[in-house]
Amino acid sequence: MYKMKLEAKQERKRRFTLLVSLIIGVTVVLAIFQLVLSNRLASYGGELAKLRTQEKEFTESNMLLTKEIAKAGSLETIAQKAQNLSMTSATAFLVVEKAESVALLR
Amino acid sequence: MESQTRFKLILWAFILVFLVIISRLFYWQIIRGDELAALAQKQYNFVYKVTSKRGGIYFADKSPLVINQPGFLLYTNPKEIEDKKMFAKLLSPVIAQDEASIAAKLHDELYWIPIKHKIDEETRKEIEALHLKGVGFEEEPLRFYPESSMAAHLTGFVGSDVNGEGKGYFGLEGFYDREIRGRGGTVQSFVDALGRPILLGEQSNAPIVNGRDLVLNIDRTIQFMAEKSLKEGVEKYGAKGGSVIIMDPKTGGILAMASQPSYNQATYGDFDQANYKNPSIAGTYEPGSTFKTLVMAAALSEGVVDPYTKCDICDGPVSLGGFTIRTWNNKYYKDSTMLDVIEHSDNTGMVFVGRKLGFEKLYSYLQAFGIGEPTGIDLEDEESPFLRTKKDWHEIDMATATFGQGVAVTPIQMVRAVGAIANGGKLYKPYVVSSIIKENGEEVKIEPEFLRQVISEKAAKVMTEMMVNAVDNGEAKFAKPKGYRIAGKTGTAQIPIAGHYDPNKTIASFVGFAPANDPKFVMLVRVDEPTSSIFGAETAAPLFFTIARELFNYYNIPPSN
Chain A
1 MYKMKLEAKQ ERKRRFTLLV SLIIGVTVVL AIFQLVLSNR LASYGGELAK LRTQEKEFTE
61 SNMLLTKEIA KAGSLETIAQ KAQNLSMTSA TAFLVVEKAE SVALLR
Chain B
1 MESQTRFKLI LWAFILVFLV IISRLFYWQI IRGDELAALA QKQYNFVYKV TSKRGGIYFA
61 DKSPLVINQP GFLLYTNPKE IEDKKMFAKL LSPVIAQDEA SIAAKLHDEL YWIPIKHKID
121 EETRKEIEAL HLKGVGFEEE PLRFYPESSM AAHLTGFVGS DVNGEGKGYF GLEGFYDREI
181 RGRGGTVQSF VDALGRPILL GEQSNAPIVN GRDLVLNIDR TIQFMAEKSL KEGVEKYGAK
241 GGSVIIMDPK TGGILAMASQ PSYNQATYGD FDQANYKNPS IAGTYEPGST FKTLVMAAAL
301 SEGVVDPYTK CDICDGPVSL GGFTIRTWNN KYYKDSTMLD VIEHSDNTGM VFVGRKLGFE
361 KLYSYLQAFG IGEPTGIDLE DEESPFLRTK KDWHEIDMAT ATFGQGVAVT PIQMVRAVGA
421 IANGGKLYKP YVVSSIIKEN GEEVKIEPEF LRQVISEKAA KVMTEMMVNA VDNGEAKFAK
481 PKGYRIAGKT GTAQIPIAGH YDPNKTIASF VGFAPANDPK FVMLVRVDEP TSSIFGAETA
541 APLFFTIARE LFNYYNIPPS N
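Chains A and B, in that order, give the protein sequences.
In this text, residue positions in the first sequence follow our numbering: the first is 1, and each later residue adds one.
In this text, residue positions in the second sequence follow our numbering: the first is 1, and each later residue adds one.
No lab work stands behind these hints, which were simulated from the structure alone.
Treat each hint with caution, since some may be false.
In silico EDC-like pairs for lysine to aspartate or glutamate, Cα to Cα no more than 20 Å straight-line [said to hold, decoys possible]:
id, chain 1, residue 1, chain 2, residue 2
1, B, K356, B, D315
2, A, K50, B, E139
3, B, K429, B, E380
4, B, K49, A, E55
5, B, K118, B, D161
6, A, K56, B, E128
7, A, K56, B, E121
8, A, K56, B, E139
9, B, K231, A, E76
10, B, K461, B, E302
11, B, K228, B, E550
12, B, K62, A, E76
13, A, K67, B, E122
14, B, K445, B, E179
15, B, K118, A, E57
16, B, K49, B, D161
17, A, K67, B, D61
18, A, K67, B, D315
This is chain A alone, in the form it adopts within the complex (with noise of 0.2 Å):
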């Protein structure tokens, strides 16, 4: 009798035991897994940080590109570089009947 009582007192302090040493794990693993997490988040930042440089860096070249681009297509410009090729308005243009061949046109 004593000893089944004996038994299960032990049986009671081991299991205590476990779940003692499981709950030092769970937390050990949590801290550790909080600790790669700040580590984590702490070295990201300084990802970030240059993710936004870079970020800020192409949309001010995508700006002066597109500047460049409509500069360089605008009629002022394209104006511009006809009148330096000596081109000119058209002043007369000849209308086509579509009855009446082009070639009987003089």
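Chain A is fixed; fit chain B onto it per the hints.
Coordinates of chain B only, in the frame set by chain A:
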């Protein structure tokens, strides 16, 4: 006994240490708690301002008229500057500010002083190359105009509001400011001890929304042609200024709008502020003979005259209430028909038409044509001259109004009204923006707004033919492009000054549309105070035909005969 003393000593030591800790904690947490909390927040909280991107303005073909470019605010911390004189001397030529005014800004007691707003990327690079200490840059959006000062009166410009934020003034920038400025705000993020961001998410005080883009009815090529021709015309005729408006009569969409003298939107501060106002929508003038088209159209619509009705008072000057009404060249044609009245631009004939129509009808038609009310065009600062109330009209006022004297209009009002004649009597609201592109790319179309039927379709057709006849046989026939049917009317209005008309200064104008049977455009050309000739037929009309010729070419419209 000895052990008891030791025990008590240790106990008191513990109590003392405990009290010290408690009092220290009280000091840090209660007395200086708020201050430290604020300090901590300042260390890990980083709040930065995000300005919204201002929307662009695009021509009908989506080519850019106004876009953004990187811009910066140049600031300095005077405490870091070693030699202020040298600092000002080096900076002065780069930012185009004199040395004295730069030096005057450098107060020692301040840490942050703005030196120059809205500098571009190139200037920033030039400043950086100087390696000046105490200089910094803050982003500040800047507008870029690929077509230089083209359509300056249409676009308006971006200045600053009372808080130093970008704000649109005049034209589209002013009218659509709320749409295109977007909504900026502040963003709060967390940083570590080194100031690097921590990925804990960011919080914005409100959603940051970029501005919307505007797509216009304005055709880039037509605008370019109109501006070029107007500039040349103003120089050729020695005029003080001028305006050209080209509109699609079937929708009210503005295809081009140009005025001289103009200004440059990018350097608006260097120009006289009087130039900011758009003469096409705010420049009031007496329309002169171009107004005859509206009065005659009203009379035709009422059926009180037809093209062959004979004028029984056209054989000489008309006396009225102590005044004498003459024709512009003092020539009189007995039994003139209404066709002749428009062709000869006969003032006495118009008095005849006015009498036939009667005051009540004339007044209601003027209102129906939109005289005296703003057109509602989507541009800031539209003005409309007041149409006198009925009780303020005398017989002479009615008589002079029939040939466009004593009434005032704006160019846009005249274009809209004549546009109704071109469009079978249907009056449309003029508008510049054809669609708005939202941030998500969704395009919201703006539909043409039909206002009312002003005159009958039949009257509009008859009036069109009378205007075609006026162009073919009138004073300006020498300049008309051959083979095309153009409906139009010249106008030469004297300028009222101090209760009388200046005999030497006029506003010459020509309003018309083409091709007459299926109009692609209605156009008004106004030349202010030309010196080569005071008459519309010799200034505004040739300019109208020059632009019309280019438009026929551009639209591939062949001659009709």
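| request: List, from low to high, the hint numbers that the structure doesn't satisfy. | output: 18
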